[in-house]
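Chemist: Please work from the sequences and hints to get the whole structure.
Protein chains in written order, with my numbering: chain Y, 115 to 384; chain W, 115 to 384; chain U, 115 to 384; chain G, 115 to 384; chain Z, 115 to 384; chain F, 115 to 384; chain D, 115 to 384.
Among the clues, some could well be false.
A few chain W positions that, by computed beta-carbon distances, are all more than 10 Å from chain Y [what the hints assert, rightly or not]:
hint	residue
1	Ile128
2	Tyr139
3	Thr141
4	Lys144
5	Tyr288
6	Ile311
7	Glu343
The calculated lysine to aspartate or glutamate pairs, modelled on DMTMM-like cross-linking and capped at a C-alpha distance of 20 Å, are [unchecked claim]:
hint	chain 1	residue 1	chain 2	residue 2
8	U	Lys300	U	Glu265
9	Z	Lys223	D	Asp240
10	G	Lys300	G	Glu313
11	D	Lys276	F	Asp240
12	Y	Lys144	W	Asp240
13	W	Lys349	G	Asp316
14	Y	Lys140	W	Asp240
15	D	Lys379	G	Glu368
16	Y	Lys300	Y	Asp310
Just so you know, these hints were derived from the structure itself, not from any lab. The structure presented is a predicted model; accordingly, all values stated were derived computationally and were not measured. From the three backbone atoms N, C-alpha and C, an ideal C-beta is built for every residue, glycine too.
The residues making up each chain are set out below.
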Amino acid sequence: TPITTLKLILALFIFLIGVFGGGFYKTSIKKIANNSKSINLATRTILANMGYYVILLAAFFIALNVLGIDLSSIALVAGALSVGIGFGLQNIVSNLVSGIILMFERSIKIGDFVELSGTVRGHVTDIRMRSTTLNTNGNIDVIVPNRNFIEGNVINWTMHDKIKRFDIPFGVAYGTKPEHVIAVIKEAVVNSGYSDIIEAHDRFTNVIMTGMGSSSVDFLLQVWIHGEEILAPSKTMSRFLIIIYNTLNAHGIEIPFPQQDVHIKSSDEK
Amino acid sequence: TPITTLKLILALFIFLIGVFGGGFYKTSIKKIANNSKSINLATRTILANMGYYVILLAAFFIALNVLGIDLSSIALVAGALSVGIGFGLQNIVSNLVSGIILMFERSIKIGDFVELSGTVRGHVTDIRMRSTTLNTNGNIDVIVPNRNFIEGNVINWTMHDKIKRFDIPFGVAYGTKPEHVIAVIKEAVVNSGYSDIIEAHDRFTNVIMTGMGSSSVDFLLQVWIHGEEILAPSKTMSRFLIIIYNTLNAHGIEIPFPQQDVHIKSSDEK
Amino acid sequence: TPITTLKLILALFIFLIGVFGGGFYKTSIKKIANNSKSINLATRTILANMGYYVILLAAFFIALNVLGIDLSSIALVAGALSVGIGFGLQNIVSNLVSGIILMFERSIKIGDFVELSGTVRGHVTDIRMRSTTLNTNGNIDVIVPNRNFIEGNVINWTMHDKIKRFDIPFGVAYGTKPEHVIAVIKEAVVNSGYSDIIEAHDRFTNVIMTGMGSSSVDFLLQVWIHGEEILAPSKTMSRFLIIIYNTLNAHGIEIPFPQQDVHIKSSDEK
Amino acid sequence: TPITTLKLILALFIFLIGVFGGGFYKTSIKKIANNSKSINLATRTILANMGYYVILLAAFFIALNVLGIDLSSIALVAGALSVGIGFGLQNIVSNLVSGIILMFERSIKIGDFVELSGTVRGHVTDIRMRSTTLNTNGNIDVIVPNRNFIEGNVINWTMHDKIKRFDIPFGVAYGTKPEHVIAVIKEAVVNSGYSDIIEAHDRFTNVIMTGMGSSSVDFLLQVWIHGEEILAPSKTMSRFLIIIYNTLNAHGIEIPFPQQDVHIKSSDEK
Amino acid sequence: TPITTLKLILALFIFLIGVFGGGFYKTSIKKIANNSKSINLATRTILANMGYYVILLAAFFIALNVLGIDLSSIALVAGALSVGIGFGLQNIVSNLVSGIILMFERSIKIGDFVELSGTVRGHVTDIRMRSTTLNTNGNIDVIVPNRNFIEGNVINWTMHDKIKRFDIPFGVAYGTKPEHVIAVIKEAVVNSGYSDIIEAHDRFTNVIMTGMGSSSVDFLLQVWIHGEEILAPSKTMSRFLIIIYNTLNAHGIEIPFPQQDVHIKSSDEK
Amino acid sequence: TPITTLKLILALFIFLIGVFGGGFYKTSIKKIANNSKSINLATRTILANMGYYVILLAAFFIALNVLGIDLSSIALVAGALSVGIGFGLQNIVSNLVSGIILMFERSIKIGDFVELSGTVRGHVTDIRMRSTTLNTNGNIDVIVPNRNFIEGNVINWTMHDKIKRFDIPFGVAYGTKPEHVIAVIKEAVVNSGYSDIIEAHDRFTNVIMTGMGSSSVDFLLQVWIHGEEILAPSKTMSRFLIIIYNTLNAHGIEIPFPQQDVHIKSSDEK
Amino acid sequence: TPITTLKLILALFIFLIGVFGGGFYKTSIKKIANNSKSINLATRTILANMGYYVILLAAFFIALNVLGIDLSSIALVAGALSVGIGFGLQNIVSNLVSGIILMFERSIKIGDFVELSGTVRGHVTDIRMRSTTLNTNGNIDVIVPNRNFIEGNVINWTMHDKIKRFDIPFGVAYGTKPEHVIAVIKEAVVNSGYSDIIEAHDRFTNVIMTGMGSSSVDFLLQVWIHGEEILAPSKTMSRFLIIIYNTLNAHGIEIPFPQQDVHIKSSDEK
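Modeler: Next up, the structure:
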């Protein structure tokens, strides 16, 4: 079955009809949808686009048929191609399977306060097949693909107990005795009157020295908190920052500005 | 069927005819298209390029045929190759499938104000099979592959309610009492007269201390806003920045410049 | 079997019934579950979602059947597609296999104190098929996919012996003799009275010079510690930082601020 | 068919003939091409290299044949290998398919001014099967693989309308009233006499405060421009920068240098 | 074989029995293991988990069987899926194969001192099938997947000879003659009395100028060391840093602080 | 065919003979090659290594055969394995295909001056099947895999015309009138006497303001150059930098140093 | 063949025998090897590990057999799994193929001085099937996987000629005439007496201005060097740095320190 010029023109003609027919269909759908209020925008878009591509594909295969090209001969190639096409689905499948795992594993439940390492932190408000919605403390709804919960490190703040250690860094001027700083801050925190501080034999308020910075001697207040406040970390941090700040001021311990030793040399010396 | 020199020359000859014929076709199409105004540039390019490659491929297979190489024997290899070729399609398929998911899931609809984490923020103006168009507040149309909406974290600002918390950082000089700063800023915001601020039992204006910086004591104003203004974040931020700035000035609270303690040492000491 | 308009409408009708039936099912499940307290939220979500998709899929295939499309003809494509779909599972499989390896290899056991290079450090509290839970010193439960333990470098702090070297950097002012600094710090550490310092012929307290910084001569204290304290690195570091700080102060060795040589030039000179 | 030493030597001999024959062919082609001016350098390289590898491969297979190794037995392995080889083609295929999509989708047309997010910006001068040429405002032709247009976010500056918002940042000294700055800059822009500024009810010149910087109070001029000038962004920015600069100078509003508060302490105090 | 409601309920019932049976099994194993001291924790976890999943899977397939779904019909899909699942194993296989290569290649042997470019450095204490243990100079055991040794650049400090060049950077004040600096440092190193410095015709102590920095003229001491000390690089560096520091001090060559030329202008001038 | 101990020993024996035989072969080849000067080092290495592995493999399969393991039964596995092995070739294939594309597409020809975005810039001196050699202006030969030219953005400086715009940034002191700066620099460039500057209606020398920096008002000189000099960008930049520098000096326009406003506060005030 | 409890116990028993037998074998091998000095550590590890896993696998399959599970039915799955497993080999294969390419292509030969872009630079001392050893100028042996040479940009410093351009940057104080700087440096280099500087019509010593820095006017000395010294770049750079430094000093041209204009304002002004 040789391909004659006539056939070629005919095939091209059929394909063009498909193109114009598809375009016409798309425009019609849009017109009808605009008039009818009951069909919303998204539904309209799906109907218009899908129909368009179906018509195009049909025209293409009819044109091939007219040219006498046997469709079955491209079956093997089609099968092999679909292997690759299947790869295009791997991201979606990965999210679906992750969703099922999340539902069965129950490491994350609706209502939990979770943190996706270094990305986002919030309450789980919905677990769907493909994605999960986190509602941050600032009421921002973040749609997270389920896959991210399976691939990354996840911190579940509400898993076992509502006890967490808060680490609050601060610095004092060189010349201050470390033992003195540690004593006054510890005392201030213990005497702060906050009822959610834990003082047990293995979990107690502690102050450690973390380094000798370029301008300040650096310390870290480690304080154990229990209760609902651990789910509002910045608010809790604020409480202890104010205590440290007021305590240092009250004891006359200086919080240093950046320091610099300057050696002034006359310009002639150079 | 041994490959004789004659056959080789013949095959080469046929292939060269294909190369020149293809080139001739391409040039002709361009000439015709230049004369005719009804064919636009893109259509011309498609016709010219596709035709060119079809002619080249045809010439190549005819030349192989002349050499007596059985085309069916390369069928298996072709099938296997097409597995790999199919992989080339995976990115495109991924976008198409993502598009269908977006349309069915309706987590993103035309008219929504969405943010693709850390990349782009704007109103959705079009959802197509392969890509989605976002119109930023500055009227820039960004064409985003659908895949990005499925793989990344997405924030839909218009999903549930039009209530969001705005966090505005500011700093005051060391020496200021934190309780005083918190009180005056809270009062100023509450008395600002803006009708879109929310003051409920669980969502209310708050000021927290966030750290002891090198030159300033750092605070964060947390204010809950409802209504259309949440879709113009920088404009809303501007309103509260002006309030904070004016309030601090009015109460004589210093917004500090970078600080430095300088120890002047004579150059002889070194 | 040509596709008539009637069939098309029928197929569409069946598919729509599936869509509405699925939606009705989903809503019903949610209602029933809300009334019954014995079914928790996660179970409800699984039942609702899975049932919904099963109904949708069934409606889709019945509709295809009505249209006369032979389902067996899409079997090959389905098989090939599932290759790609299988890829979607690779991340999950990788975690499961990693879990089995972890259990057999016993390089990580429950109770160990491990560090995933540069990411997270804590006690292993649970090893499951897909993930492992680390409990950090701050009582934060981090869920780590098992794969991360197989792909990354892992440090097991409790594998062989409880002996580790701690390296504590510090700097002194230019002009100080290095030999003097090394001697006094070594002496102070050896005489500190801490019983967990090791002084053997191959593992002993040492101080080395590490560089000539822009403002300070930099040293490193290397001290060998044995016992439980190696599992609380920041606390242990704190102990020796205080010793170094106090020793330098006691011997009048200056810890320098950032230095700067300033050449003042009159503005006319330029 | 045992492999005798004789056969081995013969096979080696045949392979070596292939190696030398290939080398001889390559050298000959180069000599002939050097003499004949009608064959250009690229054609010569193709002929020389392809011929060389064809000869090598042929010699290799003949040598295998001499050794009695049945070529058909390596067919399965060859088929499987070609799956992997096909993968090598995926990048090229991806570009070709992207090219076809670009041509049909018409989201990018020849003559458009497009921006590939964060990489390159220019007029499209050519869309080919594999790559697209962008001509930047500085007349640099950048050859961009089509794939990049499909995978990345693309901004088409000439898609819908020629209206864009330009955001020009500037800062003033602390102490200036924000309301005053906003008023004078707005007035200056509106009265600048430029005919391409838009002042409509939803798109109008605006000045917002964006932050309290370490040395300056930061503002942003938002001005809507229509017409051809949006395609020369740096030139347009320049116009408004000059207006802001001159206006601030005319009203005596200071553009601050970096600020620093210095606390001088005698060297004895430390 | 139509699926009747009865069958469905039966299948669900069987599956639920499996779920509860599995849970019961898991709990029993844990109880037994807790009582018996001879079964350690890891063994218990394996037994409990594996048994649980085996029971679940069995229940699932029996339930499918009751529904009349032919298991053989999902064989093709299973086969194809396992291709993807096999991919999940690729990381593990890669490590095993890398392990075998390491053992045969002997580029890394137990006892060697190796460095994985930019990641970790230590003595090889164990080479297993999947991973290798490095013991750093600080006695930290790092478990490195074998794959990392095959994919990255590896430095084997103990491969050929125990001779390495150490490069120690230092800077002197502007105004110093480079020839003088080079001479005194070279002399000091040669006369240092260290017996492990090499002075041969092609490997000798050298000092080169590496740049004109913003505040200092930068040099590099290159000194060749042989013997065991090359395996303790920071200790060896320390030795030569002290020599350079003492030599520069002894010859009155200044090691400069950061320099700055300051032009003081009256505030009225601006 | 049970595996007896005898067979096992025999198989092991055969394998060991292979190992030693291979080692002997390798050593012999090296000795022979060392004596004969006509065989160069690379050829020797290939012969030695390939022969070694061929002997090892042969011994392995003979040993398997002695044990009675049917080689055909591992054919399927071998075939499947080769799929993966084929993947190992994908990088090499990708380069070869890219090479063929480069040769046919002629977007890069020998003699062109090309830039691989952000990596390397130079004249193309050789296009081979796998890689291309670029000769930079500093006569450094960089071997670039062909794949990089297909995957990355490529700038061909010699494609269409030898006309490019050079952008030279510079800054002046605050207080200078922008209109004055623009005028004098424009005039100086136009009157520079360089014959390769283009002054046409759409391509002409221009100076634009690009920002208000922290210490300087920033401008950009845009000058169009034609001819060979565009291939030596740094040399061309140098010419215009000298013009700008001399012009600013001649007109008394200050090029500012970094600026700083210093507020001196007594140490008692803090 | 139903699975009875008896069979299950038997299968478990067989598997346990395998586990203990394997462990016993491993321990025995280690003991024997420790006694016999002729077996080195690596050989011992291979024997011990491989034997262990072989015994384990055998026990596992025998146990399955006892349970009546047909091994042939898992053949298809095994075949498919091995596809994935084959992927695990892709990195190793990639290195082997790269090694063969390197040997045939001869773009890198033993003795060459090569640079792997931005990673490592040294003499090639060995090219093996999987990896290549580079010996840096500091006698550090870096084992580089062959793949890196095929995938990255490679610079072969010894390919064509031993001529390279060295670019040495330097800066002078503002106020110096560029023409003067260029003249004196050029003269000093030409008159330096070094015999390996090239002064030809197209390759000659040049000095260009590269920018107006914040504190200095920046220049670049471009000098062409031939001979062995190009393989010791830092040593060669050192020579010319000393010339530039001495020349600038001799002509009284200032090398500037970082500059700063300071405007002192009284603290009351703020």
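Chemist: Decide, hint by hint, whether the structure agrees.
Modeler: Hint check results:
no.: 1; hint: Ile128; in the structure: holds (17 Å)
no.: 2; hint: Tyr139; in the structure: holds (14 Å)
no.: 3; hint: Thr141; in the structure: holds (20 Å)
no.: 4; hint: Lys144; in the structure: holds (19 Å)
no.: 5; hint: Tyr288; in the structure: violated (6 Å)
no.: 6; hint: Ile311; in the structure: holds (14 Å)
no.: 7; hint: Glu343; in the structure: holds (15 Å)
no.: 8; hint: U:Lys300 - U:Glu265; in the structure: violated (40 Å)
no.: 9; hint: Z:Lys223 - D:Asp240; in the structure: holds (18 Å)
no.: 10; hint: G:Lys300 - G:Glu313; in the structure: holds (11 Å)
no.: 11; hint: D:Lys276 - F:Asp240; in the structure: holds (18 Å)
no.: 12; hint: Y:Lys144 - W:Asp240; in the structure: holds (13 Å)
no.: 13; hint: W:Lys349 - G:Asp316; in the structure: holds (14 Å)
no.: 14; hint: Y:Lys140 - W:Asp240; in the structure: holds (15 Å)
no.: 15; hint: D:Lys379 - G:Glu368; in the structure: holds (14 Å)
no.: 16; hint: Y:Lys300 - Y:Asp310; in the structure: holds (15 Å)
Consistency note: the structure conflicts with the earlier hints numbered 5, 8.
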